[in-house]
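*Asks:* So the chains spell out like this:
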Amino acid sequence: MNKFRKAIMALFLVSLWGGWAPAWPADLRILYLNDFHGFAEPYQPPGSKEMLGGVSYLAAAADRLRREKPTLFLAAGDMLQGANWANLFQGRSCIELMNAMGFDAMTAGNHAFDYGQQVLKQRISQAKFPVLAANVAGGLPFKPYVVQQVGGVKVGIIGVVTEDTPVATHPKNVAGLKFTRPEDAVRRYLKEVREKSDIVVVLSHLGLEADQALAASVPGIDVIVGGHSHTKLLQPLIVGPTIIVQAWEHAKALGVLDLTVADGKITSFDGRLEEIKPAAGREDRKVQRIVTYYARKVDSRLGKTVGRTEVDLDGRTEQVRSRETNLGDLVADILREKSSADAAIINGGGIRTSIGKGKITIKQVYAVLPFDNYLVAIRLTGRQVKQVLEHGVSSLAEPAGRFPQVSGLSFVYSRSAPVGERVKEVAIGGYPLDPDKEYVIATNDFLAAGGDGYQAFGDAIRAAGDYSDLGGALMSQNLVYNDPGTWLRDLVIDYLNARRKITPKVEGRIKELD
Amino acid sequence: MQVYVNETPVDLMPGMKVRHALIQAGLLKEVESGRCKVWDAWGNEVGLDGALSHGLKIYVK
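These protein sequence lines are chains A and B, in that order.
Here the first sequence stands for residues 1 to 514, where the numbers follow the working numbering.
Here the second sequence stands for residues 1001 to 1061, where the numbers follow the working numbering.
Source of the hints: derived by calculation from the structure; they are not laboratory data.
On a predicted model such as this, the values are computed, not experimentally measured, just so you know.
A portion of the hints provided could be inaccurate.
To be verified - Below, computed lysine-lysine pairings styled on DSS-like, alpha-carbon distance capped at 25 Å: (1) A:Lys505 to A:Lys363; (2) A:Lys357 to A:Lys505; (3) B:Lys1037 to A:Lys277; (4) A:Lys363 to A:Lys386; (5) B:Lys1037 to A:Lys49; (6) A:Lys121 to A:Lys363; (7) A:Lys49 to B:Lys1061; (8) A:Lys304 to A:Lys143; (9) B:Lys1037 to A:Lys338; (10) A:Lys191 to A:Lys178; (11) A:Lys191 to A:Lys143.
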C-alpha cells in the first residue's frame, strides 16, 4: 500500500514539475496588463468624471486573484515609456515596480526602444522576468519564448512586437535591429514551443486587428494576450480555437483569464476585466512605496535647473498667438536644429506660459510645453509652405492658437488683406521662397495631423503616395523625420542642458505690413 | 496610412495614434469633453493613445 501511494505521489510530482501534461483538468489563471506607459498613479482620464487606475491598487487586486488559483502574470508591452513617472527614469521605475509585482514575462512594445538600445539592455538585465520578442533580431538579449509551469500545466509563451516599430521611434533607436513579420516568427517557434508545452500563449504587442489576423493565419495558438491598440476588451474574443484578450491601458484595468486544461487542451475558459480605481486602504503597500518613492523623485527632478535665460522668455497667450516672440523663436529653432530642417513652423497655441529671466527648471519647461507632442519634419513645396503660413494668419481678429512661430524663415503679412492672400513675402534661409522648390519643414505631430486646421502637412504626406519600404521600415517619401518616442519638452531640456545660458530675442521673422 | 473615422477616411503618418485621427477628423474635443467615446469596428472602446493600422475603422459616438 505504501509503495502504491509513493508511486501515485511520484506520478503526481512528475506531472507537476514537467514530465507530462495532466490528463485531469487543471485550472490556471492568466492575469494580464498592457500599455501601462508608466501611469503609476491614479488619474482622471479626459472625459471621465472619476479617477481611474493606480498601479498599487492593481497590484492588490492581482495578489487577491493570485491567491485563488495557480496564476501567470503577463505584460503585453509598452510598460516603460509615457508618463513622467517612467520617462524621467528611462523606465527604471517601471522595471522595479514589475519586479515587485511578480510578473512572469513581458513582451517588448514598440516604445520599449524609445530610450535607445543601451538603456533597453539595462532594463532587460534588471528585470526578474524574461523579456520576449521572437521577431526582433540584432544585439538585444530578448528571448523568443519561455515555458512557464503553473499548476501542473506547462505554458509556452512566445513574444512578438509590431513590425511597425522602426517607424514608431527614432531610427537610431532601432539601428542594426531587424523586425520580421510576427506571423513568421510565431510559425518558426510554434512547433518547438508546442513540443515543450501543454498550451501556447502568444504575448503580442501588435494590436487587436493584427491579433485576429495572426489567430486566423497561424493554427495552434491557444491564447493571444495582446496590447498596442489600447482596447478595452471586456470579454475574450474568439477566432477559431484561439482566445484573444487585451486589458485597455494605463493600469485602468487588470485582465483575468481563467482556463481549464486537460490533455494539453483548453477545455473551458472564462475572462473579464477588473476595472481599477483608487480606494483608501486597498493598495498594495509594497508597490505603493515604490510609486511614492519615484513620485517624490519626479518632483525633485522637476525642480532641477537645466539652464539660465538672460532675458524673459515670452510665452504669454495673447503674444504667442498674435506675433513673433522670443520663446516661440527658441522652440522653433530647437525643432529645426534637431531635425536639420530648412525651416520650422509651429503653432503659438502649443506654447502655454512664459519663463522669467534667471534659472530655468525642468518644471518650467514642462509648463511651457505640457502636451505630449513630438517632432516631425515633412517635405513641402514652396507653394505648400505659403499655404501653411496663410492658414497661420487666417484668423487674426483675436489671438488664435494657429498663429505660427517660425525658424529658418521670415515672412511679411497684411492683416487687412483677404484670407488666403495675406502672406506677401516669404524667405527661407535668406532666399525668396520658390513655389516649386521642396523644403524640409519641421513641426509637431499636432499640426502634422491637421491640428488647428493645418492641412498642408497631411496633404504632402498623402501626395507622396504609398509608403516605401526602407530597410524594413515603412516611410513616406515626404516624411523626413519622425520621433514619436521623444516629447518636444525633452528636446528643449536637452538643448538647455547643452547650452546652459541663452539670450533669445525677437529677430523680425514675422512682420505685419499695416 | 489611411484610417476611417465614422467611415470618413483620414490620412496619417506612421506611428500616429487614435488621438491624431480624431484631430484630423475634428472630433478630439468631443471625446476629451466626455460627450463621446472611441470604439473599434468590433464594438470595443479604445484609448486615445491606441495604435492604428492602415484601413482600420474607428467610431466616435
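*Asks:* Work down the list of hints and note, for each, if the structure agrees.
*Replies:* Do the hints match the structure? See the list:
no.: 1; hint: A:Lys505 to A:Lys363; result: holds (22 Å)
no.: 2; hint: A:Lys357 to A:Lys505; result: holds (12 Å)
no.: 3; hint: B:Lys1037 to A:Lys277; result: holds (19 Å)
no.: 4; hint: A:Lys363 to A:Lys386; result: violated (35 Å)
no.: 5; hint: B:Lys1037 to A:Lys49; result: holds (13 Å)
no.: 6; hint: A:Lys121 to A:Lys363; result: violated (29 Å)
no.: 7; hint: A:Lys49 to B:Lys1061; result: holds (18 Å)
no.: 8; hint: A:Lys304 to A:Lys143; result: violated (38 Å)
no.: 9; hint: B:Lys1037 to A:Lys338; result: violated (36 Å)
no.: 10; hint: A:Lys191 to A:Lys178; result: holds (23 Å)
no.: 11; hint: A:Lys191 to A:Lys143; result: holds (16 Å)
In summary, the numbered hints that this structure violates are 4, 6, 8 and 9.
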